[in-house]
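Number of protein chains: 2
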Amino acid sequence: MKIAILGGDGFVGWPTTLHLSEQGHDVHIIDNLSRRWIDTELGVQSLTPMDSIQERCRIWHDLTGRRLHFHLLDLARDYERIKAWLIQHRPDAVIHFAEQRAAPYSMKSDRHKVYTVDNNVSATHNLLAALVESGIDAHVVHLGTMGVYGYSSVGATIPEGYLDVDITRPDGEKIPQQILYPTRPGSVYHMTKSLDQILFQFYAQNDGLRITDLHQGIVWGTHTDQTRRHPQLINRFDYDGDYGTVLNRFLIQAAIDYPLTVHGTGGQTRAFIHIQDSVRCIELALAAPPQAGSRVEIFNQMTETHRVRDLADLVAKVTGARVTHLPNPRAEAAENDLVVDNSKFLALGLQPTTLAEGLLGEVVDVARKFAHRIDRSRVPAVSAWTRDLAAKVERDPEGRKLKSVS
Amino acid sequence: MKIAILGGDGFVGWPTTLHLSEQGHDVHIIDNLSRRWIDTELGVQSLTPMDSIQERCRIWHDLTGRRLHFHLLDLARDYERIKAWLIQHRPDAVIHFAEQRAAPYSMKSDRHKVYTVDNNVSATHNLLAALVESGIDAHVVHLGTMGVYGYSSVGATIPEGYLDVDITRPDGEKIPQQILYPTRPGSVYHMTKSLDQILFQFYAQNDGLRITDLHQGIVWGTHTDQTRRHPQLINRFDYDGDYGTVLNRFLIQAAIDYPLTVHGTGGQTRAFIHIQDSVRCIELALAAPPQAGSRVEIFNQMTETHRVRDLADLVAKVTGARVTHLPNPRAEAAENDLVVDNSKFLALGLQPTTLAEGLLGEVVDVARKFAHRIDRSRVPAVSAWTRDLAAKVERDPEGRKLKSVS
Ligand SMILES: NC(=O)c1ccc[n+]([C@@H]2O[C@H](COP(=O)([O-])OP(=O)(O)OC[C@H]3O[C@@H](n4cnc5c(N)ncnc54)[C@H](O)[C@@H]3O)[C@@H](O)[C@H]2O)c1
Ligand SMILES: NC(=O)c1ccc[n+]([C@@H]2O[C@H](COP(=O)([O-])OP(=O)(O)OC[C@H]3O[C@@H](n4cnc5c(N)ncnc54)[C@H](O)[C@@H]3O)[C@@H](O)[C@H]2O)c1
Numbered sequence: 001m002k003i004a005i006l007g008g009d010g011f012v013g014w015p016t017t018l019h020l021s022e023q024g025h026d027v028h029i030i031d032n033l034s035r036r037w038i039d040t041e042l043g044v045q046s047l048t049p050m051d052s053i054q055e056r057c058r059i060w061h062d063l064t065g066r067r068l069h070f071h072l073l074d075l076a077r078d079y080e081r082i083k084a085w086l087i088q089h090r091p092d093a094v095i096h097f098a099e100q101r102a103a104p105y106s107m108k109s110d111r112h113k114v115y116t117v118d119n120n121v122s123a124t125h126n127l128l129a130a131l132v133e134s135g136i137d138a139h140v141v142h143l144g145t146m147g148v149y150g151y152s153s154v155g156a157t158i159p160e161g162y163l164d165v166d167i168t169r170p171d172g173e174k175i176p177q178q179i180l181y182p183t184r185p186g187s188v189y190h191m192t193k194s195l196d197q198i199l200f201q202f203y204a205q206n207d208g209l210r211i212t213d214l215h216q217g218i219v220w221g222t223h224t225d226q227t228r229r230h231p232q233l234i235n236r237f238d239y240d241g242d243y244g245t246v247l248n249r250f251l252i253q254a255a256i257d258y259p260l261t262v263h264g265t266g267g268q269t270r271a272f273i274h275i276q277d278s279v280r281c282i283e284l285a286l287a288a289p290p291q292a293g294s295r296v297e298i299f300n301q302m303t304e305t306h307r308v309r310d311l312a313d314l315v316a317k318v319t320g321a322r323v324t325h326l327p328n329p330r331a332e333a334a335e336n337d338l339v340v341d342n343s344k345f346l347a348l349g350l351q352p353t354t355l356a357e358g359l360l361g362e363v364v365d366v367a368r369k370f371a372h373r374i375d376r377s378r379v380p381a382v383s384a385w386t387r388d389l390a391a392k393v394e395r396d397p398e399g400r401k402l403k404s405v406s
Numbered sequence: 001m002k003i004a005i006l007g008g009d010g011f012v013g014w015p016t017t018l019h020l021s022e023q024g025h026d027v028h029i030i031d032n033l034s035r036r037w038i039d040t041e042l043g044v045q046s047l048t049p050m051d052s053i054q055e056r057c058r059i060w061h062d063l064t065g066r067r068l069h070f071h072l073l074d075l076a077r078d079y080e081r082i083k084a085w086l087i088q089h090r091p092d093a094v095i096h097f098a099e100q101r102a103a104p105y106s107m108k109s110d111r112h113k114v115y116t117v118d119n120n121v122s123a124t125h126n127l128l129a130a131l132v133e134s135g136i137d138a139h140v141v142h143l144g145t146m147g148v149y150g151y152s153s154v155g156a157t158i159p160e161g162y163l164d165v166d167i168t169r170p171d172g173e174k175i176p177q178q179i180l181y182p183t184r185p186g187s188v189y190h191m192t193k194s195l196d197q198i199l200f201q202f203y204a205q206n207d208g209l210r211i212t213d214l215h216q217g218i219v220w221g222t223h224t225d226q227t228r229r230h231p232q233l234i235n236r237f238d239y240d241g242d243y244g245t246v247l248n249r250f251l252i253q254a255a256i257d258y259p260l261t262v263h264g265t266g267g268q269t270r271a272f273i274h275i276q277d278s279v280r281c282i283e284l285a286l287a288a289p290p291q292a293g294s295r296v297e298i299f300n301q302m303t304e305t306h307r308v309r310d311l312a313d314l315v316a317k318v319t320g321a322r323v324t325h326l327p328n329p330r331a332e333a334a335e336n337d338l339v340v341d342n343s344k345f346l347a348l349g350l351q352p353t354t355l356a357e358g359l360l361g362e363v364v365d366v367a368r369k370f371a372h373r374i375d376r377s378r379v380p381a382v383s384a385w386t387r388d389l390a391a392k393v394e395r396d397p398e399g400r401k402l403k404s405v406s
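Protein sequences appear in the order of chains A and B. Counting in the UniProt record's numbering, the first sequence runs from 1 upward without gaps. Counting in the UniProt record's numbering, the second sequence runs from 1 upward without gaps.
It cannot be assumed that every hint is accurate.
Unchecked claim - 27 Å max Cα-Cα, derived DSSO-like pairs, lysine-lysine: (1) B:K392 <-> B:K344; (2) A:K2 <-> A:K344; (3) A:K2 <-> A:K83; (4) A:K344 <-> B:K344; (5) B:K174 <-> A:K174; (6) A:K317 <-> A:K369; (7) A:K174 <-> B:K344; (8) B:K83 <-> A:K392; (9) B:K344 <-> B:K2; (10) B:K392 <-> A:K83; (11) B:K2 <-> B:K83.
Unchecked claim - Pulled from the structure, derived: some chain B residues nowhere near chain A, Cβ distances all over 10 Å: (12) E22; (13) Q23; (14) H25; (15) D26; (16) R58; (17) I87; (18) V121; (19) I136; (20) Q205; (21) T245; (22) H325; (23) P327; (24) G349; (25) F370.
To be verified - Label-pair distances were calculated between CB atoms; the ranges are: (26) B:A84 <-> A:K174: 50 to 58 Å; (27) A:A391 <-> B:A84: 19 to 27 Å; (28) A:D171 <-> B:P49: 43 to 51 Å; (29) B:K392 <-> A:E22: 41 to 49 Å; (30) B:W37 <-> A:D171: 46 to 54 Å; (31) B:E357 <-> A:G293: 39 to 47 Å; (32) B:K174 <-> A:G172: 19 to 27 Å; (33) A:A292 <-> B:D137: 45 to 53 Å; (34) B:L33 <-> A:K392: 41 to 49 Å; (35) B:Q291 <-> A:H69: 51 to 59 Å.
Derived by calculation from the structure, the hints in this document are not laboratory data. All C-beta atoms, glycine included, are put in the ideal place defined by N, C-alpha and C.
Looking at chain A on its own, in the form it has when it is part of the complex (with noise of 0.2 Å):
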């Protein structure tokens, strides 16, 4: 197949590239380097030594003989070129990773809120309008979020996508339908995969695009089979307060004898999925494409749920490093529960990669290998979800005012 890859320099998007290139596809990377800008804008860098996308695809090249393309463009603001690569490429599936995805970063300011939603709605929509208008049948395949459920204390099992509920005819007569599930999104982020999601059912149902959403958990660890291959394919590593996602970010704190930052209780109920799992899973869904004319596919991607305080007792015991508590900067309940249902991704095959397996150990031998390149000062967590939230967290575990980059 010939599949574009957007956002293919992230941290799931260049892993996923190195995969199904491997496997024999012909992949087209698409990217705006975006995520590197914001690294330089937050003075930040990936924990690990991560070279030009131009440069891991000739080593890719040097070491398989398999050619990766890489095309800078702007799915946001540059809808004819969309349209235009689209149509000289003609891929048979796009994978969409192309979103601004820090939920942290996207409620620094107002600046960045505006951004994250400029960004996300149009890099979606002019995906999808550009298909329409180019009349290509390619597999759309989004990562969409867990997290657009919010997480309240309710506890609900999560559904893959949709709800059985019944409507109320004038009669009394009561019609069952099912429908998108319902989302509480917690972040400007997260509410971005809300808004997505009626974007693809709109035109799922008006054009009959064929749309797979994945709704994923919260991804961990780093190397996948193919980036361990050579020292130059390395996936980057995010620790920083606004991208690193929990579990990362206590291997880190772990690594640099920081104590583990649990905001709040560490109530939070969280799902979670390793990085290989990750790549495996976009696989299986390229494999397992809608029909024309049926609704969106959705998955649920991940593999376990873990409270934040469980997991941080967790990596405290591997590595001995000590657990703190700190205000919680989320509006968000302060506990809750989580069921998910992931058994469609394990009857085609999945086969999970769960915690206890070794690969803890192996993230944290990343943190200590690079622990040189670690800047303290970017650990905290920083940006507050509301002004009243804001008041509270101006202090590092360490005691320091936070510095904020906004």
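Mind docking chain B with the ligands on chain A? Use the hints.
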């Protein structure tokens, strides 16, 4: 109150401006005049001769001694200027009409789809982000549409915004919840109103913004008590295939002896409201703001429902016009029932103006008076919803090939 009316130069915004000014409020119009530019793009004009907004404001002042303030501002593009405007003027309420509001226009071409999404999402989000950032606790009253629900053949009663559902816990316990009534928008325009709902839900929940969303039916009529008071205060009257709404279009067609064009079987049921009731509802909603921290207040702003073919028959009976059926350019159910709950406005004192009350005749009089301004070639609807439908709708009822203006 100091009230900002975003989109105050438009069809509903202008009579709302006059109505609220007459009641003694300090009214500020914010508009980028994009609707006038779209008239130019399409080569159409309001049936009624419409003066510049500055001139209309001057006439109102001459007549009543009341000042209207006009600010040329693009809500979608000038984020920093909106914020500065809010901080300078500190309105008590903001009424938000400022969106591209024609479904056919939104489906004209990919350019029109992209424009509609960018304009409407950014206008709404910029307003919300700027209110949070500036700390201004203004009541936001937004005009949404009944059309956001789609019109399936299921025929449920549309409640005022929320639906009772049961969600299921892993132990099987069912937890009753109220969720936003699920939307199934049928055009890119309607889709943007569905996106707006998610934005409102988030900002009400995260930041305590006080938001009222009015899900409005199709507005008909042209005059209100204030616009009648001077020829130069007359409201705009759209009759073209993009912006003209169905009942007003029938009345125009009747006035110029053009056949009443019913798409498909005309079995689509729609909700309606007269322009005078529309401005009255906005007044009522303004007086009943939700409390900070509560969910978005949603009203169904309509007074009656009719099947499109019944409306055509009614207009034919009153005027002697003939009815003709054309292929439907929209991807929608051929027949649907529609029952809408509007008890909240009735409880607040709304006394509906219904179709039977002679106002139909007033609209026909307006249409006849300005019939010399009608461009017959602009009367048919030309935007098709999908490529397949586009092939079917190429000729107008007089047999002429339709020119596309995209
Ligand atoms: N990392 C996680 O834990 C996680 C969890 C759930 C869902 N997801 C989703 O998976 C996707 C990928 O996540 P990631 O961690 O790889 O993010 P990332 O930020 O590392 O990668 C995103 C890539 O998209 C590019 N991009 C952004 N906007 C673009 C635009 N307008 N035009 C072109 N390219 C653009 C960026 O430059 C970057 O290379 C995202 O959509 C994210 O929401 C990630
Ligand atoms: N007319 C109807 O039948 C009807 C029915 C249901 C809902 N509504 C809703 O009511 C609202 C008003 O409808 P209308 O018929 O008066 O529409 P309209 O097009 O006549 O007025 C909209 C006004 O908003 C302005 N505007 C658009 N984008 C803007 C931007 N980015 N910045 C500043 N100004 C901008 C336009 O110039 C125009 O003056 C719309 O939101 C519409 O969706 C209308």
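Handout entry: Enumerated hints in conflict with the structure, sorted upward
Key = 1, 4, 18 and 20
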